[in-house]
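**Student:** Chains V and R, in that order, give the protein sequences.
Take 202 as the starting number for the first sequence in the numbering used here and just add one per residue.
Take 2 as the starting number for the second sequence in the numbering used here and just add one per residue.
Please keep in mind that the hints were generated in silico from the structure rather than gathered at the bench.
Accuracy of the hints is not assured; some may be wrong.
[What the hints assert, rightly or not] Partial pick of chain R residues on the chain V-facing surface, computed with a CB cut under 8 Å:
#1 Gln78
#2 Phe132
#3 Ser185
#4 Gln200
#5 Ala203
#6 Gly207
#7 Asn277
#8 Leu303
#9 Arg304
#10 Ser325
#11 Ala334
#12 Arg357
Where a beta carbon is used, it is the ideal one built from N, C-alpha and C, also for glycine.
Each chain is listed here by its residues.
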Amino acid sequence: MKKTLTVAAFASLMSTTAMAETIGVSMALFDDNFLTVLRNGIQEQADGMDGVDVQIEDAQNDVARQLDQINNFVASGVDAIIVNPVDTSATEAMTQAAEAAGVPLVYVNRQPINVDTLPDNQAFVASNEVESGTLETIAMCDQLAAEGTDPARVYIMMGELSNQAAVVRTQDIDDVIANGQCAVEIEEIDRQTANWSREQANSLMTNWLSSGESFDAVIANNDEMALGAIQAMKAAGIGMDTVVVGGVDATQDALAAMQAGDLDVTVFQNAAAQGGGALEAALALANGEDVEQKVYVPFELVTPDNMADYMSSN
Amino acid sequence: MADQTSHGIGGLTYDRKKRGWPNEANVFIALVAIILIFELLGQVLPYMNNQSMLFDFNEARDGTILNMARIKIVILQVAIIGIISLGVTQVIILGGIDLSSGPLVGAAAMIVMSFAQTELVNGQLNPKAVFGPWSFDLPVLAPILVGLAFGAMIGLINGSLIAFTGIPPFIATLGMFLICRGISQWWTKGQPVSFPSDQFAAIGSGMMPVVWFILLAIVLSLLMKYTVYGKHTYAIGSNEDAARMSGINVKGHKMMVYMIASMLAAFAAIVLSSKNLTAQAGMGQFYELYAIAMAVIGGVSLRGGRGSIVGTVLGAMVFGVIQSGFTFIKLDAFYQLMAMGSIIIGAVVLDQYRQRRATLR
Chain V
202 MKKTLTVAAF ASLMSTTAMA ETIGVSMALF DDNFLTVLRN GIQEQADGMD
252 GVDVQIEDAQ NDVARQLDQI NNFVASGVDA IIVNPVDTSA TEAMTQAAEA
302 AGVPLVYVNR QPINVDTLPD NQAFVASNEV ESGTLETIAM CDQLAAEGTD
352 PARVYIMMGE LSNQAAVVRT QDIDDVIANG QCAVEIEEID RQTANWSREQ
402 ANSLMTNWLS SGESFDAVIA NNDEMALGAI QAMKAAGIGM DTVVVGGVDA
452 TQDALAAMQA GDLDVTVFQN AAAQGGGALE AALALANGED VEQKVYVPFE
502 LVTPDNMADY MSSN
Chain R
2 MADQTSHGIG GLTYDRKKRG WPNEANVFIA LVAIILIFEL LGQVLPYMNN
52 QSMLFDFNEA RDGTILNMAR IKIVILQVAI IGIISLGVTQ VIILGGIDLS
102 SGPLVGAAAM IVMSFAQTEL VNGQLNPKAV FGPWSFDLPV LAPILVGLAF
152 GAMIGLINGS LIAFTGIPPF IATLGMFLIC RGISQWWTKG QPVSFPSDQF
202 AAIGSGMMPV VWFILLAIVL SLLMKYTVYG KHTYAIGSNE DAARMSGINV
252 KGHKMMVYMI ASMLAAFAAI VLSSKNLTAQ AGMGQFYELY AIAMAVIGGV
302 SLRGGRGSIV GTVLGAMVFG VIQSGFTFIK LDAFYQLMAM GSIIIGAVVL
352 DQYRQRRATL R
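Only chain V is shown next, with the shape it has when bound in the complex (with noise of 0.2 Å):
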């Protein structure tokens, strides 16, 4: 048992001092959804290869954990990094460390602050998060349009406050009213946040519901709260043809609602695309390629009408 053992651990530090390129990944979280397909991405694409390992750590949200792992994958001579930061004002210092060190470093996802700044062999792939929120609510907005809905009364649900994409895509609702780019005019009745879940989602639905105001639409900054909203509708005996819902992300159970005609609108962020670039951005760095500094990979509108193209995306 032990000369196996040993035997095996032996083999397999072989497999990795041979001519391998190693890219260690720092993830903000691996409990997420959306970045757990990244993360698939990033993994599958390395296993198509030949010669790449990837070894994948979770910084569990917490930027000091994040930065440990960037100096311990420089002290273990990976040829690059790829940081999903946790804190996007906080990548400075993983800039500089990995700088110090020489190790070529790409940035996924989330846009670091330091984005203009970025040193010859440091890269950025990301979708821009001022698309998504745009992309939903003039959706929605020509729906209700198209409804017949005029002035239209909505109720906005927000994802975890401390979160950039919360921020923008909030920001984005305000943004496509107040420039005119909707197409009805819009009452707000109420905004909340729901953390991005789709427990506190129908809570907060629910509790919406009991306040007795007439609504024609929910406007979620994710699927899974836009899908909790349903379902606390659903239970309340609302027709989901009278109310127009609309979420960020295209999740397999989003698009299940949709055929189901309960979800209206989500927008569809190519999260495998996103990690396959990063670590083709990491790889060409690693091999003193040059290669676009800023890649970024669109947001796409799903509506019924084309959803059938995103059923296998995520």
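Given chain V, work out where chain R should sit, using these hints.
**Tutor:** Relative to the frame of chain V, chain R by itself:
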């Protein structure tokens, strides 16, 4: 000093002459006071247009003078954490603490949902299937038993660690907190598990979480009040050495209490994943702390030996009223956590003060 001999088992016979009224009455008064504050705000705040939180004087919606929709959500939104807090209550009365319940909910939900999946979603194969075809549309008892067995196992580990190694419950269950969060992430590598069978979905649909909560509260309340199990729990919490001397199997009893607590948390996971039609690795975040807070607001003493299930149920209601009240007065999301934290601290400070006065009098 007060008459020590009158403390009795778990304060059940706690010197009634000096107490005036039972502790649960205080929690109830606090509950009513909080409701009145929100009703008052509904009348006073200019943008509220004299709305009422719990009443519907025009009888416009339900045909009753009560706003039934709001009364339902007040209880519904705390029912699932309430189920956990029932188990946590007996752990705290025992003189222990259980920090592992929240992550246990996450892990149990992931495991349970994997055995509760349906084959076809909108006519297509379940896109979130965890196992092969054998796992589709199993009898609803299968996921329930798997979940309860998982909970029992975690609880037994918690209990034996605390009983036999003597490490503090805080540390043992903190370790289990991390282990369970790890299990929930490892189970499907972070992927959510969705689309349960209709039978499974029925467990937590509509007001079912409340039904489970009330049923389990009655069972636990009877268990704590009228059985040897309850008496021993209070006895160990009041004075562990005395309990051991009087022949109670303290170690065995501790294992039992932690096991029941974890099984209740696992059952909460079953109801939660059924209600949401999905299981996610991050589910149950902060549930352990809210469950403890519900018990403490309900008058369960963190020193052990004192408290009741009725108090915890009232404590849960306080949470529900506050949560609904915040949405009712449209309190800005940024202030809600601050207000919630202040109310928890305030409630416990008041309770401590009242108890000190009761013992000094």
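**Student:** Hint by hint, say whether it matches the structure.
**Tutor:** Okay, the hints, checked on the actual structure:
Given hint, Gln78/R at the interface with chain V, holds; its Cβ is 4 Å from that chain's nearest Cβ, closer than 8 Å. For Phe132/R, the interface hint is violated, since its Cβ never comes within 8 Å of a Cβ in chain V; the closest pair sits about 17 Å apart. Evaluation of the Ser185/R hint against chain V yields a held restraint, the C-beta minimum of about 7 Å falling below 8 Å. The criterion of a C-beta within 8 Å of any C-beta in chain V is not met by Gln200/R, whose closest approach is roughly 18 Å, and the hint is violated.
Hint status for Ala203/R: violated, given a least beta-carbon distance of 13 Å to chain V, over 8 Å. Annotation: interface hint on Gly207/R holds; nearest CB of chain V at approximately 6 Å, less than 8 Å. For Asn277/R, the suggested interface contact is upheld, since its CB lies about 5 Å from the closest CB of chain V, less than 8 Å. Hint status for Leu303/R relative to chain V: violated, with the closest Cβ pair at about 27 Å, above 8 Å.
With a least beta-carbon distance of about 32 Å to chain V, the hint placing Arg304/R at the interface is violated under the 8 Å criterion. Residue-level restraint check for Ser325/R holds (minimum Cβ-Cβ distance to chain V is 5 Å; threshold 8 Å). Contact between Ala334/R and chain V, as hinted, is supported at the beta carbon level, the nearest pair being about 4 Å apart and thus within 8 Å. With a cut of 8 Å, the hint placing Arg357/R at the interface with chain V is violated, because the nearest CB-to-CB distance is about 36 Å.
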